[in-house]
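Engineer: Chains as they are written, first to last, in the numbering used here: chain A, 6 to 190; chain B, 2 to 514.
Please note that a few of the clues may not be correct.
To be verified - What follows is a set of in silico ranges between Cβ atoms, one per label pair, in the way DEER data are often shown:
1. B/278 / A/25: 28 to 38 angstroms
2. B/194 / A/135: 16 to 26 angstroms
3. A/108 / B/186: 14 to 24 angstroms
4. A/103 / B/287: 51 to 61 angstroms
5. B/15 / A/20: 17 to 27 angstroms
6. B/15 / A/93: 54 to 64 angstroms
By construction, these hints were calculated from the structure, which means they are not laboratory data.
Quick reminder that beta carbons are idealized off the backbone N, C-alpha and C, glycines included.
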Amino acid sequence: MASTVLFYLFAGIAIGCALSMVYHRNPLYSAVSLIGVFIALSCIYVTLAAPFIAAVQVLVYAGAIMVLVVFVIMLLNLDHDKPVTRLSYLYAIGGFLGVVLLAQTFFIFAVVKKGPKADIDPNVTVGETMSIGMNMYTKYLLPVEIVGILLLMAIIGGVILVRRLSQPEMELVVEHELELRHHEE
Amino acid sequence: MNTILLQAISNPDVNLQAILPETIVAVTGIIVMLYDVFAPKQKNVTTVISLIGLAIAAYFMYSMWGGGPTTSWNGMIANDPLRISFSLVLLFVAAVTILTSTVWSERETVPVGEYHALLLFATFGSMFMASGNDFVIIFLGLETLSIATYVMAGLRKSDLKSNESAMKYFILGSFASAFLLYGMALIYGATGTTNVALIAERIASPTFPGLLLMGGAMLVIGFGFKVATVPFHVWTPDVYEGAPSPVTGFMAAGPKAAAFASFIRVFVIGFPLIGGATAAGYLHESWVTALAVMAMLTMTVGNISAIVQNNVKRMLAYSSISHAGYAMVGFVGAGVAKTPEVRDAAIAAVAFYLLTYAVTNLGAFSIISLVGQKNDRRTEFEDYNGIGFKSPVIAFSLSLFMLSLLGLPMTAGFIGKVLVFRPALEAGSVMLTTMVVVAVVNTAISAYYYLRLIVVMFFRERTTDWSEPKMPVGVAAVLLITIIGVFYFGLFSGSWIEKFVTPSAPTAVQAAK
Numbered sequence: 006m007a008s009t010v011l012f013y014l015f016a017g018i019a020i021g022c023a024l025s026m027v028y029h030r031n032p033l034y035s036a037v038s039l040i041g042v043f044i045a046l047s048c049i050y051v052t053l054a055a056p057f058i059a060a061v062q063v064l065v066y067a068g069a070i071m072v073l074v075v076f077v078i079m080l081l082n083l084d085h086d087k088p089v090t091r092l093s094y095l096y097a098i099g100g101f102l103g104v105v106l107l108a109q110t111f112f113i114f115a116v117v118k119k120g121p122k123a124d125i126d127p128n129v130t131v132g133e134t135m136s137i138g139m140n141m142y143t144k145y146l147l148p149v150e151i152v153g154i155l156l157l158m159a160i161i162g163g164v165i166l167v168r169r170l171s172q173p174e175m176e177l178v179v180e181h182e183l184e185l186r187h188h189e190e
Numbered sequence: 002m003n004t005i006l007l008q009a010i011s012n013p014d015v016n017l018q019a020i021l022p023e024t025i026v027a028v029t030g031i032i033v034m035l036y037d038v039f040a041p042k043q044k045n046v047t048t049v050i051s052l053i054g055l056a057i058a059a060y061f062m063y064s065m066w067g068g069g070p071t072t073s074w075n076g077m078i079a080n081d082p083l084r085i086s087f088s089l090v091l092l093f094v095a096a097v098t099i100l101t102s103t104v105w106s107e108r109e110t111v112p113v114g115e116y117h118a119l120l121l122f123a124t125f126g127s128m129f130m131a132s133g134n135d136f137v138i139i140f141l142g143l144e145t146l147s148i149a150t151y152v153m154a155g156l157r158k159s160d161l162k163s164n165e166s167a168m169k170y171f172i173l174g175s176f177a178s179a180f181l182l183y184g185m186a187l188i189y190g191a192t193g194t195t196n197v198a199l200i201a202e203r204i205a206s207p208t209f210p211g212l213l214l215m216g217g218a219m220l221v222i223g224f225g226f227k228v229a230t231v232p233f234h235v236w237t238p239d240v241y242e243g244a245p246s247p248v249t250g251f252m253a254a255g256p257k258a259a260a261f262a263s264f265i266r267v268f269v270i271g272f273p274l275i276g277g278a279t280a281a282g283y284l285h286e287s288w289v290t291a292l293a294v295m296a297m298l299t300m301t302v303g304n305i306s307a308i309v310q311n312n313v314k315r316m317l318a319y320s321s322i323s324h325a326g327y328a329m330v331g332f333v334g335a336g337v338a339k340t341p342e343v344r345d346a347a348i349a350a351v352a353f354y355l356l357t358y359a360v361t362n363l364g365a366f367s368i369i370s371l372v373g374q375k376n377d378r379r380t381e382f383e384d385y386n387g388i389g390f391k392s393p394v395i396a397f398s399l400s401l402f403m404l405s406l407l408g409l410p411m412t413a414g415f416i417g418k419v420l421v422f423r424p425a426l427e428a429g430s431v432m433l434t435t436m437v438v439v440a441v442v443n444t445a446i447s448a449y450y451y452l453r454l455i456v457v458m459f460f461r462e463r464t465t466d467w468s469e470p471k472m473p474v475g476v477a478a479v480l481l482i483t484i485i486g487v488f489y490f491g492l493f494s495g496s497w498i499e500k501f502v503t504p505s506a507p508t509a510v511q512a513a514k
């Protein structure tokens, strides 16, 4: 009973925040509303006995990804232009995608209702941090090691691409490119 | 609790021997990276270190033939001919790419050490794509390979085309990875496992059959992007044109072979035909049909678009699309095989085809890097006008590679094509026979643009000056290896094909004739 009440509470918060995110013109308000959606979702995860995913949701989405989004908004300085008329055709596409998503949701709902019912086993520990950690260092040891190499390589790649290039050389090739274009025309 | 935990942690199914080649490649990458930090002016030391590392890895990979357990790491690593043959192709591609890029790293200011490290990490990822028997490993391998390749495509930072190439590849590649991951999640939802072997067992009675089909479709899109099949090929020409030529050669041979290895493992081994099971049967029928249609489209669109190109790199990009189509003919042939022996022979044919394509294509791209000069500015057909008798070594070897790509008898390309077309033809179904006919017609179409390059080189007058590029030792070695390879695989391929098919008993299958 308590979990049902909690579910409706958090689901309501999530939907409210989502509406507010779409409604606001100022992208910064939208971003803040999105944080609300993420936190409400993570609360629902807690009630579903998945504390690890709840924590990761807050850390990664509400934390890291939102910082990125806010950074981009700040850098682009979006609140000056008002692209209302220009994007009117997007309403049709958005509406269509919304209908598709809604249909998908009801489809999944119907299939799950119809499908075989499994009893809830109170001893299952799948969502717990402990069991995830256990699996990471036993069954999924090799993937964790590969992720180590992957992250190392991604860091090196990022550094290579952003490292400063000597300026004269940059100008030279860009000018050469322009010259070629000119030549072609 | 603590003792149970300790036991579980100290006793996982760890088999370091099984991933030794991959580990060696990764460790070599780290050594190269560290060496470059302390000696940033070097050009050739990391080349040598990388080549030695790749050679040792290849040796251990080769020695795995016919020994060791079939799976390890809780079933995540498969040790079968599919893995070993594809991994050897990938190691070969990496070694030749490193040799080719000596020409480029000498005349331009590229961070050589980091480039070699990235290439080695990319090879590490691609080898896990070949050996991964679990969606988790396959996806991580793919991401390692892809991210390294995105960076390598944009390595020439001062070149706008290179930036464009990296940007397009990155955005579209991430998009395709998302499709792939979604497909994997849906398949997991339908079967409750990410292990390819277990999926093959449970596919007969999936929890949600609909998810199985949707997941399969998503996987086709994701892998189809990575191997550049029509209609997921649009990124290829721009990315291949903008990336530095040695990297383009690598992208056309390495990631394509790795993606084919996972593609084949997931579909041929993971989604087999199971008698009496409706969902599995439907899935099998749909993926075979979808891939057959895609193969026909890929070959036709690739070849016809290649005809109208004026840039050699773009021409080879479309040619690589059409070659992915030829390889898919063998792939579909493996999908419809009735017995495991026929299936393994067809998989080996695809691996061998990609080996011959890698040999030929890397040779061609080494010459394009050589002729391209600084920043790859000379890559139009006009730049090859009349160089035939002025630089005979370059012109004759490039002609040989074009003839091998075309599939002229006595060259590697011919044997490769015969082998991949055979299983599809022997399956006897109308659709597959049509596919082979389309493939043969396409080979005829492709003659136009391959021969065009030869005609341009030998029979066209040159209007501008031609100064023969100095050939570094690395490129000379590449030419030697690839020319010998083209003739060797064209004339004496039997023993290699036997090896690719059966690891333990090399005399069992006579696939050459």
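Engineer: For each hint given before, does the structure comply? Return the numbers of the non-compliant ones in rising order.
Structural biologist: 1, 4, 5
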